[in-house]
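Spelled out from the first residue to the last, the chains are:
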Amino acid sequence: MRVNFTVNGRPQEADDVWEGESLLYVLRERMGLPGSKNACEQGECGSCTVRLDGVPVCSCLVAAGQVEGREVVTVEGLADFAKQRAEHGSCASGASGACGTPLDAAKRWEARPSDSQAGEGTELSPIQQAFIDAGAVQCGFCTPGLLVAADEMLERNPTPSDGDIREALSGNLCRCTGYEKIMDAVRLAAARQGEAV
Amino acid sequence: MAGKSAPLGTPTKVTQGSRTKGGIGESTLRPDGILKVTGEFAYSSDMWHEDMLWGQILRSTVAHAEIVSIDTVEALKTPGVYAVMTYDDLPTDVKNYGLEIQDTPVLAHGKVRHHGEPVAIVAADHPETARRAAAKIKVEYRELPVITDEASATAPDAILVHEGRDDHHIGHVPHPNIVHRQPIIRGDVESARERADFIVEGEYTFGMQDQAFLGPESGLAVPAEDGGVDLYIATQWLHSDLKQIAPVLGLPEDKVRMTLSGVGGAFGGREDLSMQIHACLLALRTGKPVKIVYNRFESFFGHVHRHPAKLHYEHGATKGGKLTHMKCRIVLDGGAYASASPAVVGNAASLAVGPYVLEDVDIESIALYSNNPPCGAMRGFGAVQACFAYEAQMDKLADKVGMDRVEFRQLNAMSQGTIMPTGQPVDSPAPVAELLRRVKAMPMPPEQQWLAAGEAADVRQLPGGLSNTTHGEGVVRGVGYAVGIKNVGFSEGFDDYSTAKVRMEVVGGEPVATVHTAMAEVGQGGVTVHAQIARTELGVAQVTIHPADTQVGSAGSTSASRQTYVTGGAVKNSCELVREKVLEIGRRKFGTYHPAWATAELLLEGGKVVTDGGEVLADLVDVLEGEAVEVEEEWRHRPTEPFDLRTGQGFGHVQYSFAAHRAVVEVDTELGLVKVIELACAQDVGKALNPLSVIGQIQGGTTQGLGIAVMEEIIVDPKTAKVRNPSFTDYLIPTILDTPTIPVDVLELADDHAPYGLRGIGEAPTLSSTPAVLAAIRNATGLELNRTPVRPEHLTGTA
Numbered sequence: 517m518r519v520n521f522t523v524n525g526r527p528q529e530a531d532d533v534w535e536g537e538s539l540l541y542v543l544r545e546r547m548g549l550p551g552s553k554n555a556c557e558q559g560e561c562g563s564c565t566v567r568l569d570g571v572p573v574c575s576c577l578v579a580a581g582q583v584e585g586r587e588v589v590t591v592e593g594l595a596d597f598a599k600q601r602a603e604h605g606s607c608a609s610g611a612s613g614a615c616g617t618p619l620d621a622a623k624r625w626e627a628r629p630s631d632s633q634a635g636e637g638t639e640l641s642p643i644q645q646a647f648i649d650a651g652a653v654q655c656g657f658c659t660p661g662l663l664v665a666a667d668e669m670l671e672r673n674p675t676p677s678d679g680d681i682r683e684a685l686s687g688n689l690c691r692c693t694g695y696e697k698i699m700d701a702v703r704l705a706a707a708r709q710g711e712a713v
Numbered sequence: 142m143a144g145k146s147a148p149l150g151t152p153t154k155v156t157q158g159s160r161t162k163g164g165i166g167e168s169t170l171r172p173d174g175i176l177k178v179t180g181e182f183a184y185s186s187d188m189w190h191e192d193m194l195w196g197q198i199l200r201s202t203v204a205h206a207e208i209v210s211i212d213t214v215e216a217l218k219t220p221g222v223y224a225v226m227t228y229d230d231l232p233t234d235v236k237n238y239g240l241e242i243q244d245t246p247v248l249a250h251g252k253v254r255h256h257g258e259p260v261a262i263v264a265a266d267h268p269e270t271a272r273r274a275a276a277k278i279k280v281e282y283r284e285l286p287v288i289t290d291e292a293s294a295t296a297p298d299a300i301l302v303h304e305g306r307d308d309h310h311i312g313h314v315p316h317p318n319i320v321h322r323q324p325i326i327r328g329d330v331e332s333a334r335e336r337a338d339f340i341v342e343g344e345y346t347f348g349m350q351d352q353a354f355l356g357p358e359s360g361l362a363v364p365a366e367d368g369g370v371d372l373y374i375a376t377q378w379l380h381s382d383l384k385q386i387a388p389v390l391g392l393p394e395d396k397v398r399m400t401l402s403g404v405g406g407a408f409g410g411r412e413d414l415s416m417q418i419h420a421c422l423l424a425l426r427t428g429k430p431v432k433i434v435y436n437r438f439e440s441f442f443g444h445v446h447r448h449p450a451k452l453h454y455e456h457g458a459t460k461g462g463k464l465t466h467m468k469c470r471i472v473l474d475g476g477a478y479a480s481a482s483p484a485v486v487g488n489a490a491s492l493a494v495g496p497y498v499l500e501d502v503d504i505e506s507i508a509l510y511s512n513n514p515p516c517g518a519m520r521g522f523g524a525v526q527a528c529f530a531y532e533a534q535m536d537k538l539a540d541k542v543g544m545d546r547v548e549f550r551q552l553n554a555m556s557q558g559t560i561m562p563t564g565q566p567v568d569s570p571a572p573v574a575e576l577l578r579r580v581k582a583m584p585m586p587p588e589q590q591w592l593a594a595g596e597a598a599d600v601r602q603l604p605g606g607l608s609n610t611t612h613g614e615g616v617v618r619g620v621g622y623a624v625g626i627k628n629v630g631f632s633e634g635f636d637d638y639s640t641a642k643v644r645m646e647v648v649g650g651e652p653v654a655t656v657h658t659a660m661a662e663v664g665q666g667g668v669t670v671h672a673q674i675a676r677t678e679l680g681v682a683q684v685t686i687h688p689a690d691t692q693v694g695s696a697g698s699t700s701a702s703r704q705t706y707v708t709g710g711a712v713k714n715s716c717e718l719v720r721e722k723v724l725e726i727g728r729r730k731f732g733t734y735h736p737a738w739a740t741a742e743l744l745l746e747g748g749k750v751v752t753d754g755g756e757v758l759a760d761l762v763d764v765l766e767g768e769a770v771e772v773e774e775e776w777r778h779r780p781t782e783p784f785d786l787r788t789g790q791g792f793g794h795v796q797y798s799f800a801a802h803r804a805v806v807e808v809d810t811e812l813g814l815v816k817v818i819e820l821a822c823a824q825d826v827g828k829a830l831n832p833l834s835v836i837g838q839i840q841g842g843t844t845q846g847l848g849i850a851v852m853e854e855i856i857v858d859p860k861t862a863k864v865r866n867p868s869f870t871d872y873l874i875p876t877i878l879d880t881p882t883i884p885v886d887v888l889e890l891a892d893d894h895a896p897y898g899l900r901g902i903g904e905a906p907t908l909s910s911t912p913a914v915l916a917a918i919r920n921a922t923g924l925e926l927n928r929t930p931v932r933p934e935h936l937t938g939t940a
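Taken in order, these protein sequences are the chains called A and B.
Residue numbering for the first sequence follows our numbering, starting at 517 and increasing by one per position.
Residue numbering for the second sequence follows our numbering, starting at 142 and increasing by one per position.
Next comes chain A alone, as it looks inside the complex:
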């Protein structure tokens, strides 16, 4: 089957999709967007978390056909997504589908060389920067899903308590960090967000 949907603000068309394929598979294997991760493929670990019309979902549990005509934001588009939100206020909650990433902006991250280890000059969202600064990244396999989930939580709740953070991220498993640095990162992003207002 053919599936048409929007990924990170850019219209996409996937052809020859087998009916059993998940959104995760289509993103990773057909769109060249492997940032969403395949840690369990059974909806338990959250590493494949993306925004579907603004709502965080496990993309491994979404059949590709279900996203026809809808909007998906992945970790690859998170920086642009957060930038749009900062510039245009609340529109980035996404459900309206009114604000997307311009094509050239979407291309910008696609065009970056992948052999650069440092990636200097990369524009990051506040939550991405906070994960780096706080040491919340070790192996990094849980990171994309956590970033999408944490960004969505901070959008809803800019001043979360520790309990709020833990509850919001309880669907995202991490095996390396013991979560303490992830807590630090989310607190840091929230604090920086508060300062910026």
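These stretches of chain B come out as covered by chain A in the derived footprint (C-beta under 8 angstroms, 3 or more residues): (1) 172–181; (2) 596–604; (3) 840–853; (4) 858–871; (5) 879–889.
Okay, derived cross-link-like pairs now, SDA-like style, lysine to any residue, Cα gap no bigger than 25 angstroms in a straight line: (6) B:K218 <-> A:V533; (7) B:K162 <-> A:D649; (8) B:K277 <-> A:S538; (9) B:K218 <-> A:E535; (10) B:K279 <-> B:H267; (11) B:K277 <-> A:V533; (12) B:K162 <-> A:T638; (13) B:K429 <-> A:W534; (14) B:K162 <-> A:I648; (15) B:K429 <-> A:G548; (16) B:K277 <-> A:W534; (17) B:K384 <-> B:G694; (18) B:K396 <-> B:G368; (19) B:K277 <-> A:Q558; (20) B:K218 <-> B:K429; (21) B:K252 <-> B:E215; (22) B:K429 <-> A:D532; (23) B:K162 <-> B:T752; (24) B:K218 <-> A:D532; (25) B:K277 <-> A:E535; (26) B:K277 <-> A:D532; (27) B:K162 <-> A:Q645; (28) B:K429 <-> A:V533; (29) B:K218 <-> A:W534.
Listing some non-contacts, in silico: residues in chain A with all C-beta distances to chain B over 12 angstroms: (30) M517; (31) T522; (32) D569; (33) G570; (34) V578; (35) E603; (36) N673; (37) G710.
Please keep in mind that the hints were generated in silico from the structure rather than gathered at the bench.
We treat Cβ as the ideally placed atom computed from N, Cα and C, and that holds for glycine.
Assemble chain B onto chain A, guided by the hints.
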């Protein structure tokens, strides 16, 4: 001893590089951080190649059986299928692999020995096509009785899991279903026992833990024009893989070119091969690139687990609280194939005593062959199981003697100079009593935190959490302590070297160092530390970390807490050699301009050659103009020796590592639900090369210890030896709600034998975390609790 002042630390002497930014001791940020937060970091499951096929493995549905027949006809007829391979299709006479003993079949031959053993492999143009084709392969099994424990393994009529063993352990094991046996005898337990006023015995059970790294086993094999293969893979040790892969493929090692892809965690689970050979076989057979990615279900079958264990301990103590003797027997279940079992046996035996002074000991440690899932390396490696048992014993003994549990430990704590039961002196700081003091001195978390937020109870702070099972009724707090000892590096005489290639040159008008090693970065931050070492040793700002591959010599394994020590040591050593060459060039070019070139101690700082007094002699850009300096050298830590097979004596370990924990738990005693409130840790790290990463390692290791205390266990049916919970739905690892705050107190007492005085740190926190949690639960409930993990039924008496 309790409450006394801290021992003085040896200050780490760093002259070279002390003025360079981003060197050792700073919390520099990961060089791969940006790629990892943007989703661009290429993990082994992210690889993609034009025209690539997908590989799929067919695994046994039974644990122990003869294979009567395999029919691949229907699978081969499936449209989109390019190849189906079984044992009969293996290209050479080498059909087994293994870390130490080559007992693991690449594909089952005549027999399967555990549930989920690879039987056949398929390559197809879509992963679902490959899965469906694999399902069409008909395998007829004739089931055999299963060996699942020591009794069934050593019964007189027991079937041998491996017939005709010819490995180097068979000569000293009491039964062919025992992989390896290591006794350690020191002093005289029988007469020491007579001095004991109190004797405590315990029988302990440790469950099977899974590494549960999040990045599944995966990789891409690309056939090359020269008949070789390029393999992009997630592993802990490229060169160990290579040595096992190449002979099976019938290729010389230089035609199997391996490059490390992004590794999504490891924790020991990637020490053994998984899909490496299968992907290469299919790629060479089809002439097309082949990608294999396990799903989580398959991952539970695709790697070895932590050995489950039965441990019997006897300790004695005097009325004054001094330990008199210890006798123990540790039975590890190694499952169907040897993997790292022999080394795990050696570790469990040599660390069975814990960080205590005990001169009269009688230790026996064995690993079984059985039809349970194969077990091998996991963070803590044999020391974890022992620590769970000896720390339970310490609490029981302290109670009998009538002493405070921490003071009892401190009274018996080892220190620098203590002789281990192996006869090896502990010849660097061993601040066991001090770590206990520090962890005990940390402020306690407030009582009834669930009430702090306001009127309604915050159930997230309570046992049962969001299930809303209590608002504090029946909730009891408990506090527990534990301390452990772990070895660092590969032990028992293993040639545990690493190789580093370091190049220095001018790029874009700036001096740049390139560090090339085969070290597997699995998340631990080795790449961060290598760059820091290069900056410190070479005084440059720019360091490029070359991707890890087999074009450079072996770095050894990313395990045993060894990489910062050993590959870090290799990088330091190669940098020092590069520095000498750079200075030689400088002397040649500029020596005549300033007498200090000949007389002063010269350093590289801030991109310049300076004297130890800080006077600038030359810019590195000028020294290196038109010249690049490159060194590739192996580096070794001091050698170790094997343990004697009868007495266990020997200088077996490179270095020891210590951590202590205090656990605070709250238990809903009616429902048997546990909430760990806080897990405080104090650890001696020798020298924190990157403090942020050190704390991250300690917190991560602590959390894995929490997992095996209250949640994690692979359940194997004792009747069928089949795995019953191979999923994240049924095998639970701690979530962010299950994990408490983890305050960490880092002590830095230099080990003079180690580079920068550092101590390997990755594993020690996994040891004491588990017994601390168990002790806290015992403290809350008054129950004996001799097994881990603790489940609700163990606390409610309904087990």
